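So the chains spell out like this:
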Amino acid sequence: MPLSKELIEQKLNEKFSGESFVFTEHRNELTVSLDKKNIAALCKYLKEEDQLAFKLCEDITAIDWAKRKNRFTVVYHIFSIKQNFRLTLKADVDESDCNIDSVSSVWKTANWHERETFDMYGIHFNNHPDLRRMYMPEEFEYHPLRKDFPLMGIPGSLSLPKNKN
Amino acid sequence: MGLEARLNGDSFFTTTVDALTEWARKNSVWPMPMGISCCAIEMMASGDPKYDIARFGSEVMRFTPRQCDLMIVAGTVTYKMSHVVRKIYDQMPDPKWVIAMGACTSSGGMYRSYPVVQGIDQFLPVDIYVAGCPPRPDNLLNALMQIQDKIGRTKARDFQDKPLPELTVIQNN
Ligand code: SF4
Chain A
1 MPLSKELIEQ
11 KLNEKFSGES
21 FVFTEHRNEL
31 TVSLDKKNIA
41 ALCKYLKEED
51 QLAFKLCEDI
61 TAIDWAKRKN
71 RFTVVYHIFS
81 IKQNFRLTLK
91 ADVDESDCNI
101 DSVSSVWKTA
111 NWHERETFDM
121 YGIHFNNHPD
131 LRRMYMPEEF
141 EYHPLRKDFP
151 LMGIPGSLSL
161 PKNKN
Chain B
1 MGLEARLNGD
11 SFFTTTVDAL
21 TEWARKNSVW
31 PMPMGISCCA
41 IEMMASGDPK
51 YDIARFGSEV
61 MRFTPRQCDL
71 MIVAGTVTYK
81 MSHVVRKIYD
91 QMPDPKWVIA
101 MGACTSSGGM
111 YRSYPVVQGI
121 DQFLPVDIYV
131 AGCPPRPDNL
141 LNALMQIQDK
151 IGRTKARDFQ
161 DKPLPELTVI
171 QNN
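If you read the protein sequences in the order shown, they are chains A and B. For the first sequence, counting from 1, position 78 maps to 78 in our numbering; every step adds exactly one. For the second sequence, counting from 1, position 50 maps to 50 in our numbering; every step adds exactly one.
Just chain A, with the same shape it has in the complex:
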């Protein structure tokens, strides 16, 4: 049976009864918004359930809404090769409690995606095996894709080699 929006809704509500998911559709692509505490279990289910088989994690990133109450949204783009179906997951994270469970145990590739998101937004991924910065130097103190980070950076925060001559 080909995968449809209705089937996913039905399956998720069955499996996670009592949890509230918000399903939205845009240009024929389905988005599921959920509570961040469910993310690891939900991802595991989406990958391992035979009919869904979301085996490919395309990207994990985040959105900084700057002034909103839940400041960040972590976004997961996953794809089912078997069903040729693309799904987006969204979970809100607040700045005061800036962490979410890692899904790197579900998809190996999530390891680096999460490191990048941590580097750029400062969102901590719980149970991540190796949460180091991805691009910026280790001693850098800021998270450049946050909206309050100035485009030209913070003077002196990145070091240049000393001029010897």
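Don't read these hints as lab results, they were simulated from the structure. Source: prediction; values computed, not measured. Accuracy of the hints is not assured; some may be wrong.
Derived pair list, reagent style DSS-like, types lysine-lysine, alpha-carbon separation capped at 25 Å [to be verified]:
#1 A/Lys-147 <-> B/Lys-80
#2 A/Lys-82 <-> A/Lys-5
#3 A/Lys-82 <-> A/Lys-108
#4 A/Lys-55 <-> A/Lys-90
#5 A/Lys-69 <-> A/Lys-11
#6 A/Lys-55 <-> A/Lys-37
#7 A/Lys-15 <-> A/Lys-69
#8 A/Lys-162 <-> B/Lys-155
#9 A/Lys-82 <-> A/Lys-15
#10 A/Lys-55 <-> A/Lys-11
#11 B/Lys-96 <-> A/Lys-162
#12 A/Lys-162 <-> B/Lys-50
Residues from chain B that face chain A, not an exhaustive set, calculated with beta carbons under 7 Å [what the hints assert, rightly or not]:
#13 Thr-15
#14 Tyr-79
#15 Ser-82
#16 Arg-86
#17 Ser-113
#18 Tyr-114
#19 Gln-122
#20 Phe-123
The beta carbon of each residue, even a glycine, is placed where N, CA and C say it ideally should be.
Once you've looked at the hints, dock chain B with the ligand against the given chain A.
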């Protein structure tokens, strides 16, 4: 063939040591290809038979800094990369020259943002800046010819009073 034909009979030939070293030096400028991003493609193109950097004696691109006189920094230098560029520059033997190839290297170019060094002259002594994004190979060759001119004006005594570079001992643990 050339010189010895003119030296027949009692003729003799004089020159200064400076003139000889200049002539030798400027026709064998061995570049260190510091190709960091897209400009490097044009740097490679200048080595191909069409543009033929060998006409200027610079076809020997060495991938070890110890054998180079000229560093062609071709590409976007980020703060993280700047330490590597400087380390490689420090390993080149004196005298040495630097070409900043392209807009990124000269001024940060279109990357006016936090990770990119806005001009490598903040941490390297640059001799020639090459305009363009990327500069065409002929533009790079022009820069090379200017470097040759500059070398032609350099005398051995310019280096006389220069202190030897400080040696830093790297300890391996
Ligand atoms: S100057 Fe242009 S071509 Fe050269 S490295 Fe920068 S962006 Fe690439």
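Checked hints:
no.: 1; hint: A/Lys-147 <-> B/Lys-80; verdict: holds, 22 Å
no.: 2; hint: A/Lys-82 <-> A/Lys-5; verdict: holds, 16 Å
no.: 3; hint: A/Lys-82 <-> A/Lys-108; verdict: holds, 19 Å
no.: 4; hint: A/Lys-55 <-> A/Lys-90; verdict: holds, 18 Å
no.: 5; hint: A/Lys-69 <-> A/Lys-11; verdict: violated, 30 Å
no.: 6; hint: A/Lys-55 <-> A/Lys-37; verdict: holds, 21 Å
no.: 7; hint: A/Lys-15 <-> A/Lys-69; verdict: violated, 29 Å
no.: 8; hint: A/Lys-162 <-> B/Lys-155; verdict: violated, 28 Å
no.: 9; hint: A/Lys-82 <-> A/Lys-15; verdict: holds, 21 Å
no.: 10; hint: A/Lys-55 <-> A/Lys-11; verdict: holds, 17 Å
no.: 11; hint: B/Lys-96 <-> A/Lys-162; verdict: holds, 18 Å
no.: 12; hint: A/Lys-162 <-> B/Lys-50; verdict: violated, 40 Å
no.: 13; hint: Thr-15; verdict: violated, 31 Å
no.: 14; hint: Tyr-79; verdict: holds, 4 Å
no.: 15; hint: Ser-82; verdict: holds, 6 Å
no.: 16; hint: Arg-86; verdict: holds, 4 Å
no.: 17; hint: Ser-113; verdict: holds, 6 Å
no.: 18; hint: Tyr-114; verdict: holds, 3 Å
no.: 19; hint: Gln-122; verdict: holds, 6 Å
no.: 20; hint: Phe-123; verdict: holds, 5 Å
Checked against the numbered hints above, the structure violates hints 5, 7, 8, 12 and 13; every other hint is satisfied.
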